[in-house]
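**Q** Here's the letter readout for the chains.
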Amino acid sequence: MDRSIAVYIFRRVLQIPPLLFGVSLLTFLLFYLSPVDPVVAYLGLDTVEKMPPEDIVKVQQQLGLDQQIQVRYISWLERVVQGDWGISYVKKRPVLDIILERFPATLLLTIVGYTMSSILGIILGLASATREGSSLDRLLHRMNYIIYSTPSFLVALLVMLIFAIWLGWLPSSRMISVDEPITFWAYHADRLKHLILPAFVLAVSHLAVFYTYIRSSVLEAMSEDYILTARAKGLDERTIIYRHAFRNALLPFVTQIGLSIPYLIAGSVIIESIFAWPGIGKLTYDAALRADYVLLMGMALFTSFLVILGNLMADVAYTVLDPRIKYN
Amino acid sequence: MSAAAGDGLRKSAKTTAMLMLCALMVDAKGVTESMKVKRLGALAALIACILLLAQLTLASADEKTLNIALGKEPDNLNPMSGSGHGETYDMIKVYSGLLRSDEKMHMVPDLAESWETSADGKTYTFHLKQGVKWHDGKDFSAEDVLFTYDLLRSGDWIAVFPTSSDYGSIEEVTIVDPTTVKFTLNEGIVSFLERFSAAILPKHILEGQDLSKTDFWQKPIGTGPYKFDSWTQGEKLIFVINPEYYGDKPKIDLLRFVFAPEETSRIGLLKSGEVDAIKIDPRSIKTLENANGIRVYSMPSANWYALKLPNNVWPFDDKKVRQAISCAINKQLILDTVFNGQGEIAYGPYRSQDWVYNPDIAFPYDTKKAELLLAEAGFKEGSDGVLEKDGKKLEFELYYPSSETERKDIAIVAKTDLEEIGIKVEPVGKSWDELTQNFTMTHAIVNAFGSPFDPDDTNFRLWDSKFIGKKNGNPTSYSNSEVDALLEAGRTTFDQEQRKQDYQKVQTIIAEDQPMVFLVFCNYIYAVSDKITGIVPRNAPHGQGINGGISGEIWWNAEQWQKE
Numbered sequence: 001m002d003r004s005i006a007v008y009i010f011r012r013v014l015q016i017p018p019l020l021f022g023v024s025l026l027t028f029l030l031f032y033l034s035p036v037d038p039v040v041a042y043l044g045l046d047t048v049e050k051m052p053p054e055d056i057v058k059v060q061q062q063l064g065l066d067q068q069i070q071v072r073y074i075s076w077l078e079r080v081v082q083g084d085w086g087i088s089y090v091k092k093r094p095v096l097d098i099i100l101e102r103f104p105a106t107l108l109l110t111i112v113g114y115t116m117s118s119i120l121g122i123i124l125g126l127a128s129a130t131r132e133g134s135s136l137d138r139l140l141h142r143m144n145y146i147i148y149s150t151p152s153f154l155v156a157l158l159v160m161l162i163f164a165i166w167l168g169w170l171p172s173s174r175m176i177s178v179d180e181p182i183t184f185w186a187y188h189a190d191r192l193k194h195l196i197l198p199a200f201v202l203a204v205s206h207l208a209v210f211y212t213y214i215r216s217s218v219l220e221a222m223s224e225d226y227i228l229t230a231r232a233k234g235l236d237e238r239t240i241i242y243r244h245a246f247r248n249a250l251l252p253f254v255t256q257i258g259l260s261i262p263y264l265i266a267g268s269v270i271i272e273s274i275f276a277w278p279g280i281g282k283l284t285y286d287a288a289l290r291a292d293y294v295l296l297m298g299m300a301l302f303t304s305f306l307v308i309l310g311n312l313m314a315d316v317a318y319t320v321l322d323p324r325i326k327y328n
Numbered sequence: 001m002s003a004a005a006g007d008g009l010r011k012s013a014k015t016t017a018m019l020m021l022c023a024l025m026v027d028a029k030g031v032t033e034s035m036k037v038k039r040l041g042a043l044a045a046l047i048a049c050i051l052l053l054a055q056l057t058l059a060s061a062d063e064k065t066l067n068i069a070l071g072k073e074p075d076n077l078n079p080m081s082g083s084g085h086g087e088t089y090d091m092i093k094v095y096s097g098l099l100r101s102d103e104k105m106h107m108v109p110d111l112a113e114s115w116e117t118s119a120d121g122k123t124y125t126f127h128l129k130q131g132v133k134w135h136d137g138k139d140f141s142a143e144d145v146l147f148t149y150d151l152l153r154s155g156d157w158i159a160v161f162p163t164s165s166d167y168g169s170i171e172e173v174t175i176v177d178p179t180t181v182k183f184t185l186n187e188g189i190v191s192f193l194e195r196f197s198a199a200i201l202p203k204h205i206l207e208g209q210d211l212s213k214t215d216f217w218q219k220p221i222g223t224g225p226y227k228f229d230s231w232t233q234g235e236k237l238i239f240v241i242n243p244e245y246y247g248d249k250p251k252i253d254l255l256r257f258v259f260a261p262e263e264t265s266r267i268g269l270l271k272s273g274e275v276d277a278i279k280i281d282p283r284s285i286k287t288l289e290n291a292n293g294i295r296v297y298s299m300p301s302a303n304w305y306a307l308k309l310p311n312n313v314w315p316f317d318d319k320k321v322r323q324a325i326s327c328a329i330n331k332q333l334i335l336d337t338v339f340n341g342q343g344e345i346a347y348g349p350y351r352s353q354d355w356v357y358n359p360d361i362a363f364p365y366d367t368k369k370a371e372l373l374l375a376e377a378g379f380k381e382g383s384d385g386v387l388e389k390d391g392k393k394l395e396f397e398l399y400y401p402s403s404e405t406e407r408k409d410i411a412i413v414a415k416t417d418l419e420e421i422g423i424k425v426e427p428v429g430k431s432w433d434e435l436t437q438n439f440t441m442t443h444a445i446v447n448a449f450g451s452p453f454d455p456d457d458t459n460f461r462l463w464d465s466k467f468i469g470k471k472n473g474n475p476t477s478y479s480n481s482e483v484d485a486l487l488e489a490g491r492t493t494f495d496q497e498q499r500k501q502d503y504q505k506v507q508t509i510i511a512e513d514q515p516m517v518f519l520v521f522c523n524y525i526y527a528v529s530d531k532i533t534g535i536v537p538r539n540a541p542h543g544q545g546i547n548g549g550i551s552g553e554i555w556w557n558a559e560q561w562q563k564e
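Chains as they are written, first to last, in the working numbering: chain A, 1 to 328; chain B, 1 to 564.
So here's chain A without its partners, still in its complex pose (with noise of 0.2 Å):
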C-alpha cells in the first residue's frame, strides 16, 4: 500500500509543470482581455489626461506594452522558467520578494483563523447533530443562518467598533501596534492582541459552512447500518457518535478543508483591507487594480502551486482516515 501512495504522489507531482502552464496562460489571457487600459492604471488617470497623446504611446514602449501578446507571454515564460519572476513594474521590486514578504502575515491569520473556524464548527455540529430536533439544535441552525447570510465586511466594521472603538479592549487594527514592543514577551502579547478581531472575523465567515459539513455528515453516519451494528453490539452511544460516526463525517469534512486551502492562501482581500492586515490578498487586490500584470502572474503561479500542493496533501489525509481508499 505504501508504494502505490508514493507512485500516486510521483503521478501527481509530474502533472505540476503543466497544470501550473495553464494557469498562467490563462491569467495572461484575461489580462490581457480586460477592458483595462494598463497605462492608466500604471500612471493614474490625473497623469494621463495630461498627457499628449505621442508621450502615452512612449510609456507603452517603454513598458513593453507595444509588443504582442505572444511575444510578451514567451518572454514571461522564458525568464520565470530561468527562475526570474521579473520586477513589478508599479512596485519597481522583484516579484518573488515581495510575495515572500507578504506571505507570513497571509498565513498566520489564515491558519488561526480557519483552525478556530473548524474546531467550533466541529463542536457545534456535533451538538446540534447529536441533539436533532432539540431547542439547541434549532437555536444553532438558525443562528447560523443569520451568520452565513451576514457578509464579512459587516462583521469586521461591527466587532472593530464595538471591541476597539467603544469599549477599547483590542486595537482596531494592523498586526502590531505602531510603536512596536521591544521586550519578547510583550511583542509576542501584542501581535496576538492584533490578532484576535481579524482571526475571529475569519473564524465566522466560514464556520457557517463548516458547522453545517459536520452537522448533515454525522446525521447522514448516524443512519447507516453499522450504527445500527454498533447499537445492537450494546456500545454506549459516546463510543458509538465519537469512534464510528464522527470518525466517518469527518472524510467529507476534509475535503471542505481541501476545498478551503485557496482561500487559505490566496488571503481573503475584504479582512485584511479592513484589519490593515499586510498580506497577500490586499497585493493581490492592488495589483489587479494597477494591471500590474508581471507581479499578478507572479501571484497565480504561487497561489496555485500551494493550492495544488494543498490538494496532493488533502487527498493524502483521505487514506490516513479512511484504510479503505486506495489510489491506483
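By construction, these hints were calculated from the structure, which means they are not laboratory data. Take these hints with a grain of salt, some might be off.
[Stated by the list, open to error] Listed next, the in silico SDA-like pairs over lysine to any residue satisfying Cα-Cα at most 25 Å (straight line):
(1) B/K72 / A/S135
(2) B/K471 / A/I56
(3) B/K320 / B/G382
(4) B/K466 / B/I189
(5) B/K471 / A/P38
(6) B/K368 / B/K249
(7) B/K213 / A/Y32
(8) B/K470 / A/V36
(9) B/K393 / B/T416
(10) B/K219 / A/G44
(11) B/K466 / B/L185
(12) B/K249 / A/D179
(13) B/K286 / A/L161
(14) B/K219 / B/S169
(15) B/K72 / A/I270
(16) B/K563 / A/E180
(17) B/K213 / A/L77
(18) B/K430 / A/F31
(19) B/K471 / A/D179
(20) B/K424 / B/S383
(21) B/K182 / B/K470
(22) B/K251 / B/E103
(23) B/K251 / A/E180
(24) B/K500 / B/K408
(25) A/K193 / B/S383
(26) B/K129 / B/D150
(27) B/K408 / A/F28
(28) A/K193 / A/S152
(29) A/K193 / B/I238
(30) B/K471 / A/L65
(31) B/K286 / A/L157
(32) B/K203 / A/L63
(33) B/K64 / A/I176
(34) B/K392 / B/G382
(35) B/K430 / A/I56
(36) B/K471 / A/D46
(37) B/K72 / B/N447
Once you have looked at the hints, place chain B on chain A.
**A** For chain B alone, coordinates are given in the frame of chain A:
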C-alpha cells in the same frame, strides 16, 4: 456619535456577551458534570487571557516621533511619478529641488540660494547653496542638477517620469561655475518657474542605471530634511531626521507612515493615540469633532466640481441654456449635503485663496431667472411638462464615474433642481475608461478639475480653443477668442499686476459663458492629535494625496510640526 447612542450600543454588546455565555452553558447541558466543569474552566481561562492581554500597556510613544496613518500605500518613492507640479510642490521629504512652494504656493529658494530670470523669461540662472551633502555623505554639486534635468528633458525615461515632455522646452543647461547653473529655454512661459521644484537626483548613484528597474525608488537617497530609514511593505514607512540638512532643523526626529485602508481602523488608531494624524471623509467630522484630544482641520482645496457640458452639442451650444442650468442648481445645497458644508461655492475656476481670484463674478441661485433665460432661448413647456423647442425636448443624460459617490450625489441634486424648471435629466453611472475614451467630448459629465498653482496651470489647456479636439485639453470645446488672447498674455507677461487683471477678466468672461456649470470647491478634512502644533493648511490641488498621501496633504510641512 452621541454619548447616549454609544451607551446603548455598549449595553447591547454586554447583552450579546451574556447571551453567548448562556448558549455555551446550554451546550454543556446533558454532558457529564466533570466535562461541564472542564469547559467552564477553559472558558474562564480564555476570558482571563483576553483581559490580561487588554491590560498590557503599550510602550510609551517617543516624544519626537510623528505617526501618520494613510489609506493607501505609495507604490515606490519616485518623486516625479505623477502629473507636473502637483507632484513636486510637496516633495517626498527625502528629496529637495532647486526651488520649493511655500504656504502661499509661491516659489522660494531651496537647493538654490537665489535665482535670476531674464526679462523674456527664457533664461534662468540659479546660484546653488554650498556645502550641501547627499544622505550618503557625498557632496551635492551642479553636476547633479545638470544630470537630473538632462534625464527629464531627454524623454528617455517617460515611463518613469511621465511629465518629461513638460521639460522639453529646455534647450540647454550649462554649468557656469561650480555653484551656478544656467537654463536656456526656447519659450518664456511664466509658470515654467514651478518646474524648478523637480527633485534633484544623485548622479553618482543613478548614472548609467536602468531607472525603470532600479531599487533606488525603494530606498532613495536625497538632500532633503529626512533620510529614508526603512519600509515594511503593507505596514509602515519610516524616515529619520537628516542631521546634515542645510535648512531649518526639523523638530520631529522620526516620521512614520502606517497604512490602514479602512477609515474606521484609521479612526481607531487615532483614538487610541497610536497615530497623530489621519485624513477623513467630510461626513466623519461629527464622529471626531467632540472627541477628547483630537482636533479637526478643514483644509481648502482648489479642486472644483462642475457639470461639463459639450459646448458644440445641442442644447448646450446655446449660452442661455448653460446659464439657465447654472442659475437653477442650488449650489449651497450641494455643498451642505454632499460635502457636509466643507468648501466654497464655485463660480469660476479660481478659489478665493488664489491671488488672481475675482470676487465680482458671483451670481445668485435663481430659478425665476433660469426660466426666463430658457424662454428667451425659445423653449416652451410641452404636454408632459418638459420644455421643448422645434419639437426637440430639453432633456439629457448626465454621466458620472460610478466609482465616485460624491459625483453621483451631485448628479442627483442636479437632476432634482433641473426638473423643477422643466429640464429632464437622467443620471447615468459609467466606468472611468468608458467616460474618458468614449464620452468626454460629446456628453454632459460631472467632472472635477482645479489647480492652486500658477493661474496658467490647468486653465490654459481647459479653456484655450487651440486644444479643442486634443485628448488632453479643452474638454468642452469652448471657444472664445478673447479668452484665448488673455490666456496667452497671462502666461507670457511677467508683470504680476497685469497678469492678475488678465486672469480676472478671464474669470468674468467664463462666468458669463459658463462653458462648464461650476458648482463647488471642496475642502479636505483631517483629524489630528491636539498635542501637535505648527499645522499650516494651504490650498490643496485637485486629486487625492500624492504617493499614497505621503505628500500633498495637511502634513506638507511635517518637519515644522511640534509634538507636546
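**Q** Please go over all the hints and tell whether each is borne out by the structure.
**A** The hints, checked one at a time:
Among the hinted pairs, B/K72 with A/S135 is inconsistent with the structure: their alpha-carbon atoms are about 48 Å apart, more than 25 Å. For the proposed pair B/K471 and A/I56, the alpha carbon gap of about 11 Å is at most 25 Å, so the pair holds. Between B/K320 and B/G382 the CA atoms are separated by roughly 19 Å; this keeps the pair inside 25 Å, and the hint holds. In summary, the hint linking B/K466 to B/I189 is supported, as the alpha carbons are separated by about 17 Å, within the 25 Å threshold.
Under the criterion of a C-alpha separation no larger than 25 Å, the hint pairing B/K471 with A/P38 is consistent with the structure, at around 17 Å. Between the alpha carbons of B/K368 and B/K249 the distance comes to roughly 60 Å, so the proposed pair goes past 25 Å and is violated. Proximity of B/K213 to A/Y32 is assessed by CA-CA distance (about 23 Å); at most 25 Å being required, the pair is judged to hold. Distance restraint check for B/K470 and A/V36: the Cα-Cα separation of roughly 22 Å lies within the 25 Å cut-off, and the hinted pair is therefore satisfied.
Of the supplied pair hints, the one linking B/K393 and B/T416 holds, its CA atoms being roughly 17 Å apart against a limit of 25 Å. About 23 Å separates the Cα atoms of B/K219 and A/G44, which keeps this hinted pair within 25 Å; it holds. Distance hint between B/K466 and B/L185 is fulfilled; the C-alpha atoms sit about 22 Å from each other, no more than 25 Å. For the suggested pair B/K249 and A/D179, the alpha carbons sit about 24 Å apart, so the restraint of at most 25 Å is met.
Of the pairs offered as hints, the one joining B/K286 and A/L161 holds, with about 16 Å between alpha carbons and a cut-off of 25 Å not exceeded. Restraint check for B/K219 and B/S169: not satisfied, since their Cα atoms lie roughly 31 Å apart, outside the 25 Å limit. Restraint check for B/K72 and A/I270: the C-alpha separation of about 15 Å stays at or below 25 Å, so the hint holds. A hinted pair counts as satisfied when its Cα atoms are at most 25 Å apart, and B/K563 with A/E180 qualifies at roughly 19 Å.
Distance restraint check for B/K213 and A/L77: the Cα-Cα separation of roughly 19 Å lies within the 25 Å cut-off, and the hinted pair is therefore satisfied. With a C-alpha separation of about 21 Å, the suggested pair B/K430 and A/F31 falls inside the 25 Å cut-off, and the hint holds. At roughly 48 Å between alpha-carbon atoms, B/K471 and A/D179 are farther apart than 25 Å, so this suggested pair is violated. This hinted pair checks out: B/K424 and B/S383 have alpha carbons roughly 13 Å apart, not beyond 25 Å.
Between B/K182 and B/K470 the alpha-carbon distance is near 33 Å, which puts this suggested pair outside the 25 Å criterion. Annotation: proposed proximity of B/K251 to B/E103 holds, straight-line Cα distance about 18 Å (limit 25 Å). Proximity of B/K251 to A/E180 is assessed by CA-CA distance (about 22 Å); at most 25 Å being required, the pair is judged to hold. Straight-line distance between C-alpha atoms of B/K500 and B/K408 comes to about 35 Å, which puts the hinted pair past the 25 Å bound.
Distance restraint check for A/K193 and B/S383: the Cα-Cα separation of roughly 68 Å exceeds the 25 Å cut-off, and the hinted pair is therefore not satisfied. Only pairs whose Cα atoms come within 25 Å are accepted, and B/K129 paired with B/D150 is accepted, the gap being roughly 21 Å. This hinted pair does not check out: B/K408 and A/F28 have alpha carbons roughly 34 Å apart, beyond 25 Å. Among the hinted pairs, A/K193 with A/S152 is consistent with the structure: their alpha-carbon atoms are about 20 Å apart, no more than 25 Å.
Under the criterion of a C-alpha separation no larger than 25 Å, the hint pairing A/K193 with B/I238 is consistent with the structure, at around 23 Å. Simply put, B/K471 and A/L65 have alpha-carbon atoms about 20 Å apart, close enough for the 25 Å limit, and the pair holds. Annotation: proposed proximity of B/K286 to A/L157 holds, straight-line Cα distance about 18 Å (limit 25 Å). Taking the CA atoms of B/K203 and A/L63, the gap is about 24 Å. The hint holds against a cut of 25 Å.
For the suggested pair B/K64 and A/I176, the alpha carbons sit about 20 Å apart, so the restraint of at most 25 Å is met. Taking the CA atoms of B/K392 and B/G382, the gap is about 10 Å. The hint holds against a cut of 25 Å. Proposed proximity of B/K430 and A/I56 is supported: the alpha carbons are some 23 Å apart, at most 25 Å. With a CA separation close to 13 Å, the supplied pair B/K471 and A/D46 stays within the 25 Å bound.
Among the hinted pairs, B/K72 with B/N447 is consistent with the structure: their alpha-carbon atoms are about 23 Å apart, no more than 25 Å.
The structure does not agree with the numbered hints 1, 6, 14, 19, 21, 24, 25 and 27 stated previously, though it agrees with the rest.
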